Structure formats: structure tokens, C-alpha cells
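Colleague: In order, the protein sequences belong to chains P and W. Last residue of the first sequence: 113 (this note's numbering), numbering continuous. Last residue of the second sequence: 1114 (this note's numbering), numbering continuous.
It should be emphasised that the hints constitute simulated quantities derived from the structure, not laboratory data. In this text the structure is predicted, and so the values were computed from the model without any measurement. Note that beta-carbon positions come from the ideal geometry of N, C-alpha and C, so glycine has one too. It is possible that part of the hints are untrue.
[To be verified] Okay, the calculated bits of chain W under chain P, using three or more residues with CB under 8 Å as the criterion:
no., segment
1, 1073-1081
2, 1088-1100
[Unchecked claim] Result set (DMTMM-like, lysine to aspartate or glutamate): computed pairs, CA atoms no more than 25 Å apart in a straight line:
no., chain 1, residue 1, chain 2, residue 2
3, W, 1106, P, 57
4, W, 1101, P, 18
5, W, 1049, P, 14
6, W, 1106, P, 18
7, W, 1049, P, 99
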Amino acid sequence: DAGVIQSPRHEVTEMGQEVTLRCKPISGHDYLFWYRQTMMRGLELLIYFNNNVPIDDSGMPEDRFSAKMPNASFSTLKIQPSEPRDSAVYFCASSSLLDSPLHFGNGTRLTVT
Amino acid sequence: AQSVTQLDSQVPVFEEAPVELRCNYSSSVSVYLFWYVQYPNQGLQLLLKYLSGSTLVKGINGFEAEFNKSQTSFHLRKPSVHISDTAEYFCAHSPQGGSEKLVFGKGTKLTVNP
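Chain P with its partners taken away, still in its complex shape:
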């Protein structure tokens, strides 16, 4: 089991550019979560999916953010257009059941200049 795989590990982009973050959950896990981590706000849940369907996207900061899960093994988080305040570490996590522990990926460190 390779764990949750995120790519890229680091992303540096200029303000206004589109950014796409990718996540491959652990095989067999039905739940997928996207979190954002910043010094000021800590860890925030952005959105989560169950069986590829978005269940709660109330944490998505604004319309510039979108997330998709086209199949059970892949999810994307897109920011368009990006802004400097989007700079953060974005984590993907998966779990087999809602009462199972989360398995986190190593995160994508996004820097928007």
C-alpha cells in the first residue's frame, strides 16, 4: 500500500495562473478529503467526497476553488485564478469509513507570487 499520493510536492506559480493539485487515495477507501494548512488558520477542511460524490463543500473559500473526483482513484483541486493568499500546504486524505482514521498524503506546498 503506497498510501495517499499527492502531486506535485511543490508548486510555485504567479498570481492569476491556474493551479491543479492531484491526489490518488488509498485503494478501497470510499472517502476523500481536501484540507488546507496555513500558519494563521491551521488545518481547514475544504471539501470531502464519498464514492466520488461531493458531500460537503462548505469549506471551499470561494468560486475560484473547485474539486472533482472523476473516479475512485483520482481527485483534483483546482484554483483559477490563483492569488497570493492561496499560498498554503494542501493535503489530501482518505478513509475507508467515516469512523476510520484519516490517512493523509504528504501534501502540496503551493506558493503564489
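Position chain W against the provided structure of chain P, taking the given hints into account.
Modeller: Relative to chain P, chain W alone:
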């Protein structure tokens, strides 16, 4: 709103010393509490969790935590720390026991010095 408060943002200790990382939660209903650890440049991983039963919960790597309802606390302890315990520790709270409404504290950076 439910929340968890980690009282210390940084805790420096010497190797082999005991450590306690403090966490208080605010809730008047059933609570489910977790401690996660984040090693440098990695994602979080579960240390231990309290759902019900014994108020003393043992986790991985020699850590344990005690649920105290009267003090609304869930402090994490280890009797003797190692250099490898240097990491950031997050207390989390879930009103329903699952992962869908996990609320994380701001984290406590534990630094173990030789």
C-alpha cells in the same frame, strides 16, 4: 461552535523527559477526540482516539491521553520522549465520531533536544 484549543504553540523538552501537550474542547454533547502527529514534510497520522469507554487511551509510540469530561480536556502525555518525537501534534474533535466533521486545533510543536 465546537472547537478545540491547544494551549501551547511550542513545547521544548530534553530527551528522556516527560511531556504533556494540552488540549481543551468545547462541547456539551457526546464528544469524540483524536490526537494526530505531523512529522516534518509529511501528512498527519493518527496517534490515538477516544470514542467511549476507558478514559485513558493508549496510542502508538508510547503516547497516551486522558479524557476528562469535567475539565473538558484531552491532554497527551509521554513519560520519556525521544529525539524522534520532534513533530507537530494536533488535537481534533468530532461531534459524530467520524472524519467528516473533524475540527483540528492549531497544533503544538514539540521539540526534543539532546
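Colleague: Hint by hint, note whether the structure agrees.
Modeller: Results of checking the hints against the structure:
no.	hint	in the structure
1	1073-1081	violated (count 0)
2	1088-1100	holds (count 6)
3	W:1106 to P:57	holds (21 Å)
4	W:1101 to P:18	violated (29 Å)
5	W:1049 to P:14	violated (41 Å)
6	W:1106 to P:18	violated (29 Å)
7	W:1049 to P:99	holds (11 Å)
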